[in-house]
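One letter stands for each residue in the lines below.
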Amino acid sequence: MSPTTAGILFILSLIAFLVLTHRPLGDYMYRVYSGARHLGIERVIYRLIGVRPDAEQRWSVYARSLLAFSAISILFLYGLQRLQDKLFLSLGMAPVTDHVAWNTAVSFVTNTNWQSYSGESTMGHLVQMAGLAVQNFVSAAVGMAVAIALVRGFARRRTEELGNFWVDLVRGSVRILLPIAFVGALALVAGGLVQNFAAPHDVTTLTGGTQAITGGPVASQEIIKELGTNGGGFYNTNSAHPFENAVSWTNWLEIAAILVIPFALPRTFGRMVGDRRQGYAITAVMATLALISVALLTSLELAHGGTVPQATGAAMEGKEVRFGVADSAAFAAATTLTSTGAVDSFHDSYTALGGMITMFNMMLGEVAPGGVGAGLYGMLVLAVITVFVAGLMVGRTPEYLGKKIGAREIKLASMYFLVTPVLVLTGTAFAMGSPEQRASMLNTGPHGFSEVLYAFTSASNNNGSAFGGLTVNTPWYDVALGLCMALGRFLPIVFVLALAGSLARQSPVPASAGTLPTHRPQFVGMVVGVTLILVALTFLPALALGPLAEGIH
Amino acid sequence: MSSQTLQAPGRTPAPKGGRVGGGLLDPRQLVRSLPAAFAKLNPVTLWRNPVMFIVEIGAVFATVLAITEPSFFAWAVVVWLWLTVVFANLAEAVAEGRGKAQAATLRAAKRDTVARRIRGDWRPGSAVPALEDVGAPELAQGDFVVVEAGEVIPGDGDVVEGIASVDESAITGESAPVIRESGGDRSAVTGGTKVLSDRIVVRITQRPGESFIDRMIALVEGANRQKTPNEIALNILLAALTIIFLVATATMQPMAIYAKAENPGVLDSLALTADGVTGIVLVSLLVCLIPTTIGALLSAIGIAGMDRLVQRNVLAMSGRAVEAAGDVGTLLLDKTGTITLGNRQASEFVPAPGVPVEELAAAAQLSSLADETPEGRSIVVYAKEAYGLRERQPGELAHAEWVPFTAQTRMSGVEVDGRQVRKGAATAVMKWVRDNGGHPTDEVGAIVDAVSGSGGTPLVVGEITDGRARVLGVIHLKDVVKQGMRERFDEMRRMGIRTVMITGDNPLTARAIADEAGVDDFLAEATPEDKLALIRKEQEGGRLVAMTGDGTNDAPALAQADVGVAMNTGTSAAKEAGNMVDLDSNPTKLIEIVEIGKQLLITRGALTTFSIANDIAKYFAIIPAMFAAVYPGLEALNVMRLASPQSAILSAVIFNAIVIVALIPLALRGVRYRPSSASKLLGRNLCLYGLGGIVVPFAGIKFIDLLVQFLPGMS
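Residue numbers (this note's numbering), protein chains in the order written: chain C, 4 to 556; chain Z, 41 to 755.
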């Protein structure tokens, strides 16, 4: 079987898996977020944190709860890292330096999981489990809660109420993420991932030196890292490490875990707004963008231009032999199309244009299918912008799902859309304008520039993957990228919740023949087009000076 | 003042029943508007258009750069940047210019008249005490003025005494005089119109300086024009796009400096130096990227939309109302005058058994010769058209004795040569026949019921000849639905608009007419309260409602409706309550108003799409021009094979400016609108303005480059 055929089969089997899970998981999540019943364990949690689970919140209260929860999480995570040597299970690791601790705390709370440290030599088991793994669950649940709140904005009429943040947070963690992660972790252990509390083994390497091999609760962290589109690896080499990603089929399972919730959420959306076709349309937009991206990335990597790849027969630099080019490219596409940022190969070593695709995936705003929750709300905001332009072209005040897109809605959608490009471009410009920060680049020329552009794109879009080739554990990068992550996460969330509040207040306009249908291929094509064009127009000058300059000959 | 002089400058008569079209753009108008366009360069006024304001700042910046480091290329770009702003102002000036021409004719009507005000307390009906002469502007609300033949009415008001024929051509453009009388729904008079006959007493209802004509002038001039909700939303989106491109352009500079520093062997050029991209090129890129096309034309589109209504003799009191017209989900249409011709007409003669239809026709005609009601006339006309019966003048039958209609007898007719003919209400004529010894058969009753059942009005014709009374048959009077209404309503349905017919008829008749006209629903035996309730119900369901009305009792419904079109013949109360006034008083125009509203929004959406789609080609022109020197691979992006970096940048800037002028006619006329489903409309507009917007600039920039490359300093 040629690598191309194998690659196509790999991708087709993933698609088949997603088609199969789309419906049951989407319906299950619909029931989770719409049901009135509370589980016993949930009641206990509500009592502990002092929340009345049946009290609904206005958008501003919802947003305040979310921000308070995230702020406390950041403080807690920062403290845990700084004090790890005083606590147990530290494996004798020193306290994490202040700027790395800040960066890491923000990174995991924002579902980014950008790592300016190497996991096995910085974080003890306690930080990994009580700090990072917990955030892997709750930061994902926060993303889903925001998406559900926005969907409620569309589905509800004439109300100020968007649900209860605490209930959505707890239900998402307890009923969706935990059970799937539990089963997934067992599967990964079966695939050869480690799960222990063993102290580091000292082994003698072939060259005669000694190396400490750290074990740990890897499989349990690995599964939620993918399922919650987090991406923060237990080990520095992330999913390229055999303890994190052992064989070809664990690689497949990890990609499947990355995509399963983001692709099922549109179904939940369709159920909640009472029109499944709307959910299918959103899925179709996501799938179209994802397929274009995967096809381009895989073919660019398989085409392996350049002297060395020509000689060796494949663009294998930075890729694991046990995965091969096609499976690595599929992982790279999945991780950048979502907000995961886990890697099983090194994007810095991809072909110039292949590397550009991974960047472009993130620049899309990670909406195809995007992070858990974040992908859906990002896509719905893009749909709102599309509806606005398209709606004018059919001669009516634009409306989406019966809700009018007026000045307030378009203002919030525009501000949402502005945040990440502004962060990416200004961050990159600052870094490129400063000789000290340029010194962090390991490469010169356009490739060096790509490394910086990638870092800011990844942080601002809450992806967390690194191109590599850039020394980022400096105070400047830790602080700057930390700010990008925080602003890139919470500003859009506030705008989305405000949008949800504004939509929920409206009473819907009944659909008629004069209403723009938002479930047809025409609309799907238009959202795809608007997304691609807006992103291309925003980032083309930057991409021209980086990967395009390097890749076009 | 003759109506011809009024018609001349811009107010072309409305194309009756035609599609939404628009006035053509006269090239001379462009030239005439140039001074106004230059005046609008004033930043104090320009800042209200953020996109063009940024272009102006860029132009100023580029001018400074061109002065400090002059080159032909720099000056060429500077000139075209300024032209971009001027062209945008020109679009607005042309749109406003058309309104100004109309305002001028209105001002002519608003000359200072002297009013003859009644002094002291006066009540209608009592003798008029002394009069005093005051200037029209001094009139206050509630004053009474006397206007006689040949005088101009000094202000808006209601006739409280008398009846007069009034020439309203000053505002309607219609030269035929109209009747205005006290009481009822024809009591409103407008200041500036002229009394042709008789004498009336008018109670002034306007506040000084707020007359109908004052408001009209303000409207057509676009003075204190407020942005409409969709326009505000679109402006926000355009501002956001502008910010993105501003950031994208500004942040490019450190990246460019780095790129240049990495390639020390590359010489400085007019586009890229060691200090980064040159200011001129940076401004050029920014201006090309921000949505200047739609930014330049946005306000012209809005003004032209109002203007298109004015051309159809409709005055919208706010732009908001015009936009709401495009969103209308339910149209309430009065049956009489809108859906049907004003009166019922004879449509069939149904003879009683044993009576030849010609005999019935002849009797029906005979009995109606002296009947001057529209129904009576229609019987004579129908008899002539269907049976070739010559119309006889009543005078020809000198010895005939005409029996007029009375409310008691409920029939009319004639006695001639001993023969008596009667036509009238079924029960009345049948009773008359029976009283005279006749025996109307059951079949006649069946015919009468059949006519009623089909929504028509039966008139029975009976006669007494030689002492024998009998029923000859039944005249079927029916409401005649205007031609083309069914097609219109089908179109409405395709546009997703529900049509509801409002009538005072009984449900049976209403249903028959509703079915024939093809409306979606009807409201029979409608009272003003029913109308108001129906509007509220539709609005509850989230639909916008449009209606027309003229009477004082329509005022609450007009005010409640989202689009309330008052007839100019209506009362002042109705005109105050509505948000539009139709000077032609043609209720069918509601349909055109909806189309104009839609066209306004479509034009904005189409040009926005076009504007954004244009950017793709501009990138392909400018990016290789800036960076191909340092990264030769980027020359591959120069798919248009433009001659040189300078000519590429200049061509993009020139295209960007010229496209504004080229689209002014489209902005003023509005994009073509044909009623169809949203899906079809979108498909068509996407192809035209989306795909077109991507393709056209590639061709345009290439073409301009072919010319520009021969200028000095372009290689």
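Careful, some of the hints might be misleading.
[Stated by the list, open to error] To give an idea of the chain C side of the interface with chain Z (calculated C-beta under 7 Å), a few residues:
| id | residue |
| --- | --- |
| 1 | Leu-86 |
| 2 | Leu-90 |
| 3 | Gln-214 |
| 4 | Lys-414 |
| 5 | Pro-438 |
| 6 | Ala-442 |
| 7 | Leu-519 |
Hint data in this document are derived by calculation from the structure and do not stem from the laboratory. Quick caveat: nothing in here was measured; it's all calculated off a predicted structure. Ideal placement from N, C-alpha and C gives every residue a C-beta, glycine not left out.
Exercise. Report the numbers of all earlier hints that the structure fails to satisfy, in ascending order.
Key: Failing hints, ascending: 1, 2, 3, 5 and 6.
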